Amino acid sequence: MAGVSSPPPMDEKAKRTRDLLASFYTNTSNSNSAAPSSPSAASNLTPRSPSSLDSINSPSFDASSYMSLLVQKSNLEGLLQKHVQMAAEIKNLDTDLQMLVYENYNKFISATDTIKRMKSNILGMETNMEQLLAKITSVQSKSDSVNTSLFEKREHIEKLHRSRNLLRKVQFIYDLPSRLNKCIKAEAYADAVRFFTGAKPIFEAYGDSSFQECKRASEEAINTVIQNLQEKLYSDSEPIEARAEAVVLLKQLNFPVDNLKTSLLEKLEDCLLKLEDESKDVSVGEISKTFRAYLIIFPDSEQRLIELAQGLFSRRYDAVRYQLKKRMLSVDLLELLGIIWEDVTTVDQVLPEAALPAYSLESTCSSIRQHISIAFSHLQHEISDAVAGSQSKSNEGRDELDLHIVLENSKKAAMQGSLDLLVELRQFFDEKLELLPKLRELITDWVQEGFQEFFQNLEKHFILLSGSRTNNCPLGESNHSGVLTQSPDKLPTGLVLVLSQLAVFIEQSVIPKITEEIAASFSGGGVRVYEYGPAFIPGEICRLFRSAGEKLLHLYINMKTRKISVVSKKRFTTPNWIKHKEPREVHMFVDILLQELEGVKIEVKQILPCGVIKRHRNSDSVGSGSTNSSRSHPNAMREDKLTRSNTQRARSQFLESHLAKLFEQKMEIFTKVEYTQESVISTVIKLCLKSLQEFVRLQTLNRSGYQQIQLDMEFLKAPLKQLVDDDDAAIDFLLKEVNNAAHERCLDPILLEAPILDKLISAKLVKNKDLSASPL
Amino acid sequence: MQGASTGIVYGGLKYQARCIADVRADPDHTSFLAGTLSLKEENEVHLIRLSPSGNELLCEGLFYHQNEIWDLKSCPYDSRILSTVYTSGETYGASVWKIPEISSQSNSPQLDQLVSLDDHTAKIKSVLWWPLGKHDKLVTIDERNIFVWSIDSSNKIAKVISQESVGMLHNLSGGAWDPHDRNAVAAICDSSLQCWDLRTMKNANAIEHAHIRDVDYNPKKQHILATAEDEFGIRLWDLRMPKIPLKELPGHSHWTWAVRHNPEYDGLILSAGTDSTVNLWQVSVGSEDPAIDSPRDKRSRQIDPLLNSYTDYEDSIYGIAWSSQDPSVFASLSYDGRVVVESVKPYIQRK
Chain A
1 MAGVSSPPPM DEKAKRTRDL LASFYTNTSN SNSAAPSSPS AASNLTPRSP SSLDSINSPS
61 FDASSYMSLL VQKSNLEGLL QKHVQMAAEI KNLDTDLQML VYENYNKFIS ATDTIKRMKS
121 NILGMETNME QLLAKITSVQ SKSDSVNTSL FEKREHIEKL HRSRNLLRKV QFIYDLPSRL
181 NKCIKAEAYA DAVRFFTGAK PIFEAYGDSS FQECKRASEE AINTVIQNLQ EKLYSDSEPI
241 EARAEAVVLL KQLNFPVDNL KTSLLEKLED CLLKLEDESK DVSVGEISKT FRAYLIIFPD
301 SEQRLIELAQ GLFSRRYDAV RYQLKKRMLS VDLLELLGII WEDVTTVDQV LPEAALPAYS
361 LESTCSSIRQ HISIAFSHLQ HEISDAVAGS QSKSNEGRDE LDLHIVLENS KKAAMQGSLD
421 LLVELRQFFD EKLELLPKLR ELITDWVQEG FQEFFQNLEK HFILLSGSRT NNCPLGESNH
481 SGVLTQSPDK LPTGLVLVLS QLAVFIEQSV IPKITEEIAA SFSGGGVRVY EYGPAFIPGE
541 ICRLFRSAGE KLLHLYINMK TRKISVVSKK RFTTPNWIKH KEPREVHMFV DILLQELEGV
601 KIEVKQILPC GVIKRHRNSD SVGSGSTNSS RSHPNAMRED KLTRSNTQRA RSQFLESHLA
661 KLFEQKMEIF TKVEYTQESV ISTVIKLCLK SLQEFVRLQT LNRSGYQQIQ LDMEFLKAPL
721 KQLVDDDDAA IDFLLKEVNN AAHERCLDPI LLEAPILDKL ISAKLVKNKD LSASPL
Chain B
1 MQGASTGIVY GGLKYQARCI ADVRADPDHT SFLAGTLSLK EENEVHLIRL SPSGNELLCE
61 GLFYHQNEIW DLKSCPYDSR ILSTVYTSGE TYGASVWKIP EISSQSNSPQ LDQLVSLDDH
121 TAKIKSVLWW PLGKHDKLVT IDERNIFVWS IDSSNKIAKV ISQESVGMLH NLSGGAWDPH
181 DRNAVAAICD SSLQCWDLRT MKNANAIEHA HIRDVDYNPK KQHILATAED EFGIRLWDLR
241 MPKIPLKELP GHSHWTWAVR HNPEYDGLIL SAGTDSTVNL WQVSVGSEDP AIDSPRDKRS
301 RQIDPLLNSY TDYEDSIYGI AWSSQDPSVF ASLSYDGRVV VESVKPYIQR K
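Chains as they are written, first to last, in the UniProt record's numbering: chain A, 1 to 776; chain B, 1 to 351.
These are computed hints drawn from the structure, not numbers from a lab. On a predicted model such as this, the values are computed, not experimentally measured, just so you know. Beta carbons: idealized from backbone N, C-alpha and C, even for Gly. Be a bit skeptical, because a hint or two may be false.
[Claimed, not checked] Restraint ranges, calculated between C-beta atoms of paired labels, are given here: (1) A/LEU698 with B/VAL9: 23 to 33 Å; (2) A/ILE537 with B/THR6: 34 to 44 Å; (3) A/MET588 with B/ASN55: 46 to 56 Å; (4) B/GLN222 with A/LEU698: 28 to 38 Å.
Just chain A, same shape as in the assembly:
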């Protein structure tokens, strides 16, 4: 009906039926206005909304508009069809309604029937209930009577029962001592304790009166038990479980177990201390067993045990460290560490909480580190002993110090010492100690660092030893604590030279060798943070020693020249040069000068290599050659002039010397010092002569003073040239410079005449010869 077109499906129909029924009932209950909602009444409904045309079931359904719409839309056939359809639906609804009415009526009838039946059934129940009540009351009264009649008997029985129990208990208590003894005999201490603890409340209550005897006896027994238990606890031979049980029992007996524990632990501690003192009469294996035992016996004693174990090992490592203070071989150290490590592992199995391996690793590390650093400082001692020790020896013996031997010794000490040390330290890697592989990298670093520091310290020590900075070390580089603190007396100058040469040797031979060795066996590492750079930097060390060598060499030259300078200073500042007397002989100071220089030569000869004698120096050194020739010319000229005319004006001389210098090449007096005999000697001589020149320049001389200087210089010429093999030109030049200076500073510069000069010189030579001959 809803749609104009399609026939509605079956369930659609059923649904519609239900809806219709529902609306029917609600409508009847609410109002009657909607009652004629049948299709026949559809035409009566006023049209409301054209939209609800299709929904015939809705309250707003407008039948007339629906009708008109239908008429408008459909043709005749369609209308007819609709009509038929509608008629059929109306009929259907009719039958449905009839069916509903019928069913409801049926139900009503059956309900009335049921009510009728119920009414008849309920009538006979009242009497039955009354009978039941009467019977139950009689049963109750009977039961009460039985109860009262049996009450007394039951009371009696209960009393009897209680006394029996009491008697049994009393019996038990009386039997207790014997029972306990029996238990003791059978060593069934657990039972004994159980019995005793059972009886204990009674003893506490009546112990003073009725059961006095019995209490005493059983307490005696139980004391035996306690004693036995204690013995058991103390005896190491008992199985651990038994001992643990004993402790539990003792605890049950309220025995002060803690005292026992502390006494036991103290015993253990004593035992441990003894272990250290008398090294090996208790093995660590046993101790570890004891540890385990105590751990089981006293579960709460772990903390104390850990402390004990840690104490034990820290003491042992301390002992190792103490031993380390003396120089010991790596092998020995390794052996010691190995033993301790084994012990640590045994104990660790028992006491893992003590974290012993970590502690041990740490201690091993520090021990090895200490060992390495001690080894290095020892090596440093050895080397410095090789240098300085010989000095003291020679002082005692008053012998001439054989510098050459000292040098060789110290060279050997440096080279062999460091190599031996390397070999020795390498044993750390050979050893099959369990913990060493972990440390391998660390050790490598330490060794490298050790070498680095060692060489640095050695260099510092050299400088310190040389005494150049003993009392006035600049703040910035103040004494390193690592440097040996023995305040060195000033070394003999020769040893400074030895040190210098040693520094060169270290730079050129030892360090390359060490570097090689380190590369071979101590490479890798690098665990350490690299912010400080790699541990061992041979380049830096080489540089350090090269500069140290040079510094020491210069220091040597400096020390020598200073000595001579002091002599010269005295010579030139003491006399009144303006009132100098006529020269009678070569001044003594020349002897001292030559003596000092001879000393230099002896020392240098022993230590430094002989350089290539540069006979052709003139050609490769700028200036010397030309100075030699060109300078002799103006000087000769000047001498000529001077002898020719004493009234030569100083002004023109000055100009002339200027001129002369113009033609000369600059004399290179201050050349680089080499590590050769010649170089060092000539440098010393050059510096001395230069000093002489400067001293002369500070004085004002009279003629005699000038002549004295002329004489002295003339005399020096030959021996100095003898000392310096290769650089005659420089000597000539400098001697002449001294003369020139004297000439400039002389009020009346007139040279000594050549014959007198020769005479005085030969007189001096003869005198020297006599002097050297006479002591023999």
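We have chain A already, so just place chain B on it with the hints.
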């Protein structure tokens, strides 16, 4: 001369010479005074001025000075006043001179002698002016004594205020006046450097065991001074810690004769030596130093403190002086009488 010469050479000194001094009181010019050392001739004092273009040294004045000059100082507050120490044979003396008005009529006038400082009984070594300006006192040092003079240059009066002998054992050879403290003078002794308090005329402090040739106070930092020594080259000291030097510099191949702090650039030190070189050093000393004592500083420590070595000299150099008018310029005087003025600008910039 050699090719790499950068300095401006003044060859006007005809004789050997040891002394050169900066004319501090001349604010407009870079001027120096140099005095000659000729035994037999009449000596000269030259007033040398760097030309405005800065590439030529001009002789502004040439004054005769009878005796050979061993020490010459320019008055720090009057450019026309100078002091000399001189000897002639066995006699010695010290005077304060006034440069006469430079007039066209005479080309080498005599100096006007203002005062003769002639109370000395031993050989006079040096005359000291207080370096920073007007001060009415003057210190002279002879071998045995230290004198303090009150000087009135306008009235040509000089009076000895106080005098103290150092005893026969010591041999004074020179000194320096502390620019930070008008009452402190450092005197060079045989084997020590003595610091004198002029109020009490007592030796207040001493650096022992030092054979010093020259001493110079740091003009920027109090208590710091530099010494030139035979043994150790150049050493820097803090007078509050006289035991240990702050720094050591290698100095020269032969004696280090003179050392001077730059008046402006701190840490810039000039030294002259008998090895015919002048060395320019850069050292940092002082409190701000440890603050940057980091690895970087360590590396910088390895940098050679020697900035440059001027080697273009023919003879020993006894006199050096910074110009206070242009602190990047110094003059050096070698024994042969050659004055060389160099600029250190390239090395300052490098810093």
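So, going through the hints one by one against the coordinates:
1. Restraint check, A/LEU698 to B/VAL9: a C-beta distance of roughly 26 Å satisfies the suggested window 23 to 33 Å.
2. Evaluation of the 34 to 44 Å hint for A/ILE537 and B/THR6 yields a pass: the beta carbon distance comes to about 39 Å.
3. Checked against the given bound of 46 to 56 Å, the beta carbons of A/MET588 and B/ASN55, roughly 54 Å apart, stay inside it.
4. A beta carbon spacing of about 33 Å between B/GLN222 and A/LEU698 agrees with the range 28 to 38 Å that was offered as a hint.
In this structure, every one of the numbered hints holds.
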